[in-house]
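**Student:** Protein sequences appear in the order of chains A, B and C. Residue numbering for the first sequence follows the working numbering, beginning at 1 and increasing consecutively. Residue numbering for the second sequence follows the working numbering, beginning at 1 and increasing consecutively. Residue numbering for the third sequence follows the working numbering, beginning at 1 and increasing consecutively.
Hints in this document: simulated from the structure, not taken from any laboratory. In this text the structure is predicted, and so the values were computed from the model without any measurement. Treat the hints with caution; some may be incorrect.
Identical copies carry no separate label here, and so any pair may be met within one copy or between two of them.
[Claimed, not checked] Straight-line C-alpha distance at most 20 Å; calculated EDC-like pairs for lysine to aspartate or glutamate:
(1) Lys57 with Glu174
(2) Lys309 with Glu29
(3) Lys309 with Glu261
(4) Lys309 with Glu333
(5) Lys309 with Glu113
(6) Lys309 with Asp30
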Amino acid sequence: MTFVRNAWYVAGWSPTFGRELTPLTIMDEDIVVFRTEAGKAVALTDECPHKRLPLSKGKLIGDSLQCGYHGLTFGCDGKCLRVPGQSNLPPSAWVRAYPLHEARGILWIWMGEVEKADPALVFDLPEFDDPRWAPHHGDALQIESNYLALADNLCDPAHVSFVHPTTLGNPESEDVPIDCAREGRTVVTSRWIRDAPPVGFFKAFGNFEGNVDRWHYYYLHAPCVAVIDFGSAASDEAIGEEERDKGVRLFALHFLTPVSETRSIDHWMHLRNIGLDDEEMGERMNVQFRIAFDEDKAILEAIQAREAKPPARRPLRIAVDRGPNLLRRVIAEMLEEESSPSDEKEPVQAVS
Amino acid sequence: MTFVRNAWYVAGWSPTFGRELTPLTIMDEDIVVFRTEAGKAVALTDECPHKRLPLSKGKLIGDSLQCGYHGLTFGCDGKCLRVPGQSNLPPSAWVRAYPLHEARGILWIWMGEVEKADPALVFDLPEFDDPRWAPHHGDALQIESNYLALADNLCDPAHVSFVHPTTLGNPESEDVPIDCAREGRTVVTSRWIRDAPPVGFFKAFGNFEGNVDRWHYYYLHAPCVAVIDFGSAASDEAIGEEERDKGVRLFALHFLTPVSETRSIDHWMHLRNIGLDDEEMGERMNVQFRIAFDEDKAILEAIQAREAKPPARRPLRIAVDRGPNLLRRVIAEMLEEESSPSDEKEPVQAVS
Amino acid sequence: MTFVRNAWYVAGWSPTFGRELTPLTIMDEDIVVFRTEAGKAVALTDECPHKRLPLSKGKLIGDSLQCGYHGLTFGCDGKCLRVPGQSNLPPSAWVRAYPLHEARGILWIWMGEVEKADPALVFDLPEFDDPRWAPHHGDALQIESNYLALADNLCDPAHVSFVHPTTLGNPESEDVPIDCAREGRTVVTSRWIRDAPPVGFFKAFGNFEGNVDRWHYYYLHAPCVAVIDFGSAASDEAIGEEERDKGVRLFALHFLTPVSETRSIDHWMHLRNIGLDDEEMGERMNVQFRIAFDEDKAILEAIQAREAKPPARRPLRIAVDRGPNLLRRVIAEMLEEESSPSDEKEPVQAVS
């Protein structure tokens, strides 16, 4: 099992959820989401504890959820309010209620211990509030792949030269070395490709006439949030690493949600520092992103399909794996931490 | 394994079977059914003992069944009559012949020990011969569910309020207590809902102007036959429990056939005490039944799908489960009885 | 595991392969085939040793194959030529290269030990070069069946009377005895049906007016090549067994390729001694063959589907099984030989 539970995951874009009962599966858990009459989102275990019918097959009565088989009714906190045909409520008549947090048009869900669900831990970016930046939502890409293979891909600037030759990469970057660092639970991989022709994306949106300096900074906030800071500036401006705002700069955000060990959802969006009022430019950029992310999806699904067969050999490790290797260590630490008792007692002193 | 073998099961409606080779699967056993030239139904194991080809891929030669691979030919009793290319018949050249019984337009099959296949045990109802009643055949509903979950449903009047709100139930019955009794291998669950508006079915067929008294008697003859006696009478008539013939009364019959541990067929039909010569009324009633039984199918298949995941918790038991719990005890007894040696010897006296 | 590795198998018809990357699965091994710029066929393991992406998702750069994920590049011998982002080549950076041989419009692949891949062992027939014979390619029939069940079928003249009643068989042959012999690793089953009406195939192509003598000789060259010599001559000519060229005579060739334990491909073709320049006759014959081979496919797939259930009984053995039984012994010997150490040392003398 590779799931880190104590983390906020994206349940979906906010407008996806309303008064209808929406079933989701996250980390193999079946969850039903709905909004109360007042509009607040609620997430409960999508299974009646009586006969296991998904509660999403039932109906809302006000803010209560009634099972579609025998009418057991649950409140927003998951407690049973009614068992038709009897006056008492059995103590085991409840379902799990998941902590939720809603911000920036995104509904976040906490899959771990309730008391650790701190809204301050929800991912955010100051640029969302910065008038020099325009955010633009994207899609929810369902990928038949373990989420870690997808996260590997987001610590791995090397693949763009080969997987995205028409949009985000080109041959000039094939052998450019990659920097790799860890900052707490964030893995940062990056490289600059100086004085080279612009890639397809910046040909389309940069109006560059000559060579550019191009950068890729991948921030993978383990387990499941990636920020890709990438952009280009005319090479004759010779900007420094910290002067990226002088160029055409984007943040591509990926929020990974593990559905099962072999399926994930990637909710993606971008922020950009050009065409702030140009919605149509945002959509045209998303068309390019969709091309690129479908290329990733094809690669990752082909690899996942191979996992059905045991590997014939030990995997080959190469230089560009440093980012993914670092990520796997961070994930292993987080899993190890979750498997330890959360409130450890002082060791009992052995009587001597 | 949850299958009770020593019982008559419905193989299908009689008109379904003719001279063509019809493959069936019952309790995971592959069976081929056909009629002889004289019209008598025959059921044999649908697998040649030579190379395992389904015999239903072969052809009838008179009343004999010839395998489509090498021409081995079997008679109606399952004995091999011919092995092309050799003159002798190997002793192991036979297939199983299943006892059959045909009555009331239904073909019944016995899945257990041949010597126990007593036609007197085939389900029947005196109302089939009663001129005050009209029988009307229905469908064969294939349900992706273990047959016991389906049988539970047929010991469970409580679900109609929630699963069938437009046809057989309404909110007035939600909290009305249920009587539950065992009569031999029959589980009887029942309730009366007195002085309430009629449900959709009786609005359509009863011509009631005011409130009605409505009854539901569910007779589950374990393992696989259910008779649901339900009806309504005007409340101001104040009929007694044994005066149900004074109202609009129906018997809905369900014959459950286990296909596998996760699939069942429900052959259903009804008898009614109104509109005896009105075939068209019978069809309109069946339209209502189809709506209701498709609602059951949706519920049961959603539950069966959940069985692919181990349950996270022990199931919650509630008051309305008494009927299904009783049924499970009857089934357990029948399975226990079948697993015991059928002709037990006196225990040998230990030498002391 | 039933696969004999040290043998030449058909990878496909030669024109199937070109500069595009063609993925194949043989014996559960994923293989990618392509032609070099000079037209020579190459077969490599279709999986990058780095992240397991199928190399067939990559692209050719000249005669080298570049992985579509991180650009690792392999030569025609399977050795890695480049790992982008680093200058050294890890010793484990290679994929397997399979020996190939191309002849008669067929690409053959060797699945076993490379040093045993002797082109002299590739199946051939002198009639390919004989001006009195016309070869005619057929199809590649994918069959959901273990290849040995298919090979059984090709040691089994008895089935044609029952499986192919309109094309290759008729009732006259049902009880005619079959001769069976072993010649090295070839199983030969045969029979003559003398003085009987012609079967559908020879009605269509023989212009016979009366009865014919019909022969079937099945040569199964274990593990995977079958030659079926069959034909007819007018009975009043009373030809001898070695005078088959006097009649209308065909060789139907079947080249079996095991894809997995439950799937096989049958590449089939024919040679004929009539209508040598009549391509259209060849196509009409293939139409008849397609009918017959689809009948085999239906039988074999129905049997394979049954293998998902454990058999309830020991299989019945009958007289016509002698050919298949002999084949299974040859296969068992070949598997036994492959599992033994290939260069056995003299046993060490125990010190006494």
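**Student:** How would you label the pair Lys309, Asp30 (within, between, both, or neither) given a Cα cut-off of 20 Å?
**Tutor:** between (28 Å within a copy, 10 Å between copies)
**Student:** One pair to classify: Lys309 and Glu261, alpha carbons no more than 20 Å apart. Within, between, both, or neither?
**Tutor:** Cα proximity of Lys309 and Glu261: in one copy and across copies (15 Å, 14 Å).
**Student:** Pop the pair Lys309 and Glu113 into one bin, within, between, both or neither, using alpha-carbon distances up to 20 Å.
**Tutor:** Cα proximity of Lys309 and Glu113: none, with 35 Å in one copy and 22 Å across.
**Student:** At most 20 Å between C-alpha atoms: does Lys309 with Glu333 qualify within a copy, between copies, both, or neither?
**Tutor:** Neither: 28 Å inside a copy, 28 Å across copies.
**Student:** First find the shortest C-alpha distance between Lys309 and Glu29 inside one copy, then the shortest across copies, and answer within, between, both or neither for a cut-off of 20 Å.
**Tutor:** between (26 Å within a copy, 10 Å between copies)
**Student:** At most 20 Å between alpha carbons: which applies to Lys57 and Glu174, within, between, both or neither?
**Tutor:** Answer is between: at 18 Å across copies they meet the 20 Å cutoff, but 51 Å inside does not.
Consistency with the previously given hints fails for numbers 4, 5, ordered from lowest to highest.
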